[in-house]
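Protein chains: 2
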Amino acid sequence: MTQGLERLSLNQKTTNSWSVAEAVDGCVRAGIPAIGLWREPVQAVGVAAAAKLVRDAGLRVSSLCRGGFLTASDPDERTAAVADNRLAIDEAAELGAPCLVLVVGGLPAGSKDLAGARQRVADAVAELVPYAASRGVRLALEPLHPMYCADRAVLSTLTQALDLALTFPDVGVAVDTFHLWWDPNVAAEIARAGERILTYQVCDFLVPMPADNLLARGMMGDGVIDFAPMTAAVAATGYAGDVEVEIFNADVWAADPSRVVSTMCERYLALVAPYLA
Amino acid sequence: MTQGLERLSLNQKTTNSWSVAEAVDGCVRAGIPAIGLWREPVQAVGVAAAAKLVRDAGLRVSSLCRGGFLTASDPDERTAAVADNRLAIDEAAELGAPCLVLVVGGLPAGSKDLAGARQRVADAVAELVPYAASRGVRLALEPLHPMYCADRAVLSTLTQALDLALTFPDVGVAVDTFHLWWDPNVAAEIARAGERILTYQVCDFLVPMPADNLLARGMMGDGVIDFAPMTAAVAATGYAGDVEVEIFNADVWAADPSRVVSTMCERYLALVAPYLA
Chain A
0 MTQGLERLSL
10 NQKTTNSWSV
20 AEAVDGCVRA
30 GIPAIGLWRE
40 PVQAVGVAAA
50 AKLVRDAGLR
60 VSSLCRGGFL
70 TASDPDERTA
80 AVADNRLAID
90 EAAELGAPCL
100 VLVVGGLPAG
110 SKDLAGARQR
120 VADAVAELVP
130 YAASRGVRLA
140 LEPLHPMYCA
150 DRAVLSTLTQ
160 ALDLALTFPD
170 VGVAVDTFHL
180 WWDPNVAAEI
190 ARAGERILTY
200 QVCDFLVPMP
210 ADNLLARGMM
220 GDGVIDFAPM
230 TAAVAATGYA
240 GDVEVEIFNA
250 DVWAADPSRV
260 VSTMCERYLA
270 LVAPYLA
Chain B
0 MTQGLERLSL
10 NQKTTNSWSV
20 AEAVDGCVRA
30 GIPAIGLWRE
40 PVQAVGVAAA
50 AKLVRDAGLR
60 VSSLCRGGFL
70 TASDPDERTA
80 AVADNRLAID
90 EAAELGAPCL
100 VLVVGGLPAG
110 SKDLAGARQR
120 VADAVAELVP
130 YAASRGVRLA
140 LEPLHPMYCA
150 DRAVLSTLTQ
160 ALDLALTFPD
170 VGVAVDTFHL
180 WWDPNVAAEI
190 ARAGERILTY
200 QVCDFLVPMP
210 ADNLLARGMM
220 GDGVIDFAPM
230 TAAVAATGYA
240 GDVEVEIFNA
250 DVWAADPSRV
260 VSTMCERYLA
270 LVAPYLA
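Residue numbers (numbering that gives the first Met the number 0), protein chains in the order written: chain A, 0 to 276; chain B, 0 to 276.
These aren't lab readings, by the way, just hints derived from the structure by calculation. Heads up, none of these hints are tricks.
Just so you know, same-sequence chains aren't split out, so a pair can sit in one copy or run between any two.
With a cut-off of at most 20 angstroms between alpha-carbon atoms, the simulated SDA-like pairs for lysine to any residue come out as follows:
1) K111 - A231
2) K111 - P207
3) K111 - V223
4) K51 - G95
5) K51 - P97
6) K51 - R28
Being a predicted model, the structure only gives us computed values, none of them experimental.
Please model the entire structure based on the sequences and the hints provided.
Spelled out as structure tokens, the structure:
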């Protein structure tokens, strides 16, 4: 492990073209001790094989991304979504992931009933909580930037995600700088979240945004976010977990993944790690 | 005036290619009793001439867009911005606009100090308040969608804009469906705003967003917003002002403005007006 990288985790999405084996190898070569896995590449190799790859390399799993998409109003779609989330919980357990990140879903096609969608998320999470507890996996509700409210996640603020998480004894939240940096209350809400913070994810917010707003995440230092205040606020809660770098970005994905990883380590050391102490 | 349009106002930006004279004429032809003016087209014809055009046509001015851009840290830029806002206040007074909408500005180029930018907005508004009061113009702080936090407005929620407005006796807020529809607290914050609501602006939020996110505003009915709850919440405060339709959208701007206006009237009558009662 490289000095200063003790809490860094490579979220697989940052090196989107790499298989689990390649990403594990990339972490080992870079001295990164943890990895945030995604279901699709894990399923491509098989959950047991992915778990073995990570374990044999001596890496921690920081999270599994992602469950969620729980807003369907159609009963069959809803049943399928809940079943798929149970499967994701099973996968997280087998991988040794401490939490399953939930991107809760947007408005169903054609619907404008935002309050209804939010209520269905609360209901579905309630349904999943006992199963997650039985498998030793914690659910991490992820508030997404409000620009994704309609198509990705009707949980739009940390306040809202935390209010829902706190209605259960053991549900937590995912804190991601990209989604939350603009929120005037974010430092106070991070403090309120305290031990409910299950994962801390960092990347930058690019201005101007790329044409596809799903790919507006950038390498730390390439956008407008000051990582000091949010990172210090997370550290002040006593959060001792990993810091995942999760970047959706066409240019990052087109670059050599090994170079992306080395840039990620440099930027993390310069812009994030100093505020974790 | 056409039945049902008694409170509709054409924000000039919706018919972006029209001069003040053309927009005034378009309102008269469509039976729209009010207009939301923009500084650039007003200055193009001259403030006195624009005021006369509106007055002679028997239209109300619902607002003047826009002042703001008050986040500069450079002293000279800041002085220039405050002076320009004084000029905008003069223009609003001469036009008979009840309020000047302030889009407060984003991060200065190269800066990541969001808290500092927000403080400079508060300081600049404090500086402008006495002048606005002396001219009989109210300042309307407009919270913009969080996706514009870095480049347009560091006021990102109604809560935040209202908290700032309430530190002064006579400053208000602009409530715009596009910017606020995602906010889980928006109905409660509209209620809290009460008489501080100086303008209510409507347009839709398009999904997927166009490549240029500044042009993501759509005609009511073309996006994901349910106008009922926000409109009813605004009406419940006793708001008796005009309802402006303000659309930034390349397709709308490329269309025949007269057709845009007639579509706007139809959509307003179907999707907004019923909830004003």
